[in-house]
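Chains A and B supply the protein sequences, listed in that same order.
Under full-length UniProt numbering, read the first sequence as residues 1 to 192, first letter to last.
Under full-length UniProt numbering, read the second sequence as residues 1 to 192, first letter to last.
To be clear, the hints were calculated from the coordinates, so they are not data collected in a lab.
The structure displayed is predicted, hence computed values, not measured ones.
There's no promise every hint is true.
[As the list claims (entries may be wrong)] Listed below are the simulated EDC-like cross-link pairs for lysine to aspartate or glutamate, each with C-alpha atoms no more than 20 Å apart in a straight line: (1) A:Lys12 <-> A:Asp157; (2) B:Lys12 <-> A:Asp56; (3) A:Lys12 <-> A:Asp139; (4) A:Lys57 <-> A:Asp151; (5) A:Lys57 <-> B:Asp45; (6) A:Lys12 <-> A:Asp33; (7) A:Lys12 <-> B:Asp33; (8) B:Lys12 <-> B:Asp56; (9) A:Lys57 <-> A:Asp4; (10) A:Lys57 <-> A:Glu82; (11) B:Lys57 <-> A:Asp139; (12) B:Lys57 <-> B:Glu82.
Spelled out from the first residue to the last, the chains are:
Protein chains: 2
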Amino acid sequence: MHDDILPVPLDKAYRLLNHGPTALVSARHDGVDNVMAAAWVCALDFAPPRLTVVLDKSTRTRALVEASGSFVIQLPTVRQLELTQALGHHSLHVEPDKLARTGVSLMRMEGVAAPLVQGCSAWLACRLLPEPHNQQAYDLFIGEVTAAWADVRVFRDGRWHFETADPGWRSIHHVAGGHFYAIGEAMGAQGR
Amino acid sequence: MHDDILPVPLDKAYRLLNHGPTALVSARHDGVDNVMAAAWVCALDFAPPRLTVVLDKSTRTRALVEASGSFVIQLPTVRQLELTQALGHHSLHVEPDKLARTGVSLMRMEGVAAPLVQGCSAWLACRLLPEPHNQQAYDLFIGEVTAAWADVRVFRDGRWHFETADPGWRSIHHVAGGHFYAIGEAMGAQGR
Chain A
1 MHDDILPVPL
11 DKAYRLLNHG
21 PTALVSARHD
31 GVDNVMAAAW
41 VCALDFAPPR
51 LTVVLDKSTR
61 TRALVEASGS
71 FVIQLPTVRQ
81 LELTQALGHH
91 SLHVEPDKLA
101 RTGVSLMRME
111 GVAAPLVQGC
121 SAWLACRLLP
131 EPHNQQAYDL
141 FIGEVTAAWA
151 DVRVFRDGRW
161 HFETADPGWR
171 SIHHVAGGHF
181 YAIGEAMGAQ
191 GR
Chain B
1 MHDDILPVPL
11 DKAYRLLNHG
21 PTALVSARHD
31 GVDNVMAAAW
41 VCALDFAPPR
51 LTVVLDKSTR
61 TRALVEASGS
71 FVIQLPTVRQ
81 LELTQALGHH
91 SLHVEPDKLA
101 RTGVSLMRME
111 GVAAPLVQGC
121 SAWLACRLLP
131 EPHNQQAYDL
141 FIGEVTAAWA
151 DVRVFRDGRW
161 HFETADPGWR
171 SIHHVAGGHF
181 YAIGEAMGAQ
191 GR
């Protein structure tokens with residue numbers, strides 16, 4: 001593991017997702033890895049930290065999540081804009097060499113089945129909380145975060161440092177069709 | 001209704017939420033209006049457009065949503081940072097004059113029970129799709145978007161124009177404790 005990647009306390013894990021970044025979802029089952037892009041990832045609870053993710057029935061990643069009962073949510077950066085678009089655009093179903101073609105670099109974390117995408121700003125390892133009705137009717141999956149890590153160059157002391165980090169570390173927020181916004185200026189409410 | 005507020009076609013409604021902004025949730029039942037802040041709002045489907053929102057059991061807005069079967073999700077702007085913080089911080093349960101104290105301005109849309117917050121960039125009127133297990137176990141509510149509107153000064157032709165609009169129109173993205181980020185630079189993936 002890279003020296004700059006450190007665990008995030010579970011009670012701060014929601015802060016990784018709270019500002020609504022686009023994510024990459026990875027999973028592994030029976031020797032098959034996959035990674036897909038997902039804009040529809042959202043925090044669901046603080047303690048235990050839980051999240052929701054929408055996984056379309058057409059995706060191979062969904063089958064890997066269902067079979068393995070686990071997945072990793074990770075946050076791509078401005079530097080990974082093209083990678084994110086490619087991972088969202090290609091399907092392992094029709095392109096068996098999807099991961100090689102996108103050039104994604106994977107790493108492994110002990111005790112985590114799913115691969116982690118190198119170069120992301122943060123990673124949340126999740127255990128699937130099976131909810132068959134949600135999964136079937138809404139493509140909605142619920143995960144409980146069992147461990148989280150972040151790159152200290154952009155997230156440390158329990159908070160993001162986009163305002164002082166290299167701009168390449170900014171989170172990306174997909175709108176539609178390859179159009180994204182990077183996260184911007186920090187602002188504090190006086191009434192907080 | 002203000003001249004600058006126009007309907008958003010339902011097949012484009014997901015684009016209002018896709019970049020993960022913090023939202024305000026409003027509802028009305030039996031003559032009682034309320035508005036709360038919610039960072040955990042997420043698109044769930046394109047057609048029909050659906051979304052999820054997490055409503056804690058302690059909130060009065062939740063009771064209004066459950067009783068009325070409807071609500072409005074709206075997107076506050078940088079200009080409404082303090083208002084958003086105030087609406088998230090105070091509770092109608094303990095402060096009957098909450099709305100007056102926060103200074104929020106409400107407007108009405110024909111056929112929509114819940115009030116709309118003036119000055120927001122977009123509004124999504126939703127019908128609750130009752131899912132008692134999700135609501136009880138996870139505080140998770142599913143809404144189907146029945147109508148949407150946006151202020152053309154920042155969203156028109158089916159997309160956001162943060163990069164050319166007055167910076168006061170930028171969406172805000174809460175992290176924790178009154179710390180927000182505004183949305184930033186527009187970026188397009190070449191591979192799109």
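- Task: Sort out which numbered hints this structure fails and list those numbers smallest first.
- Result: 3, 4, 6, 7, 8, 9, 10, 11 and 12
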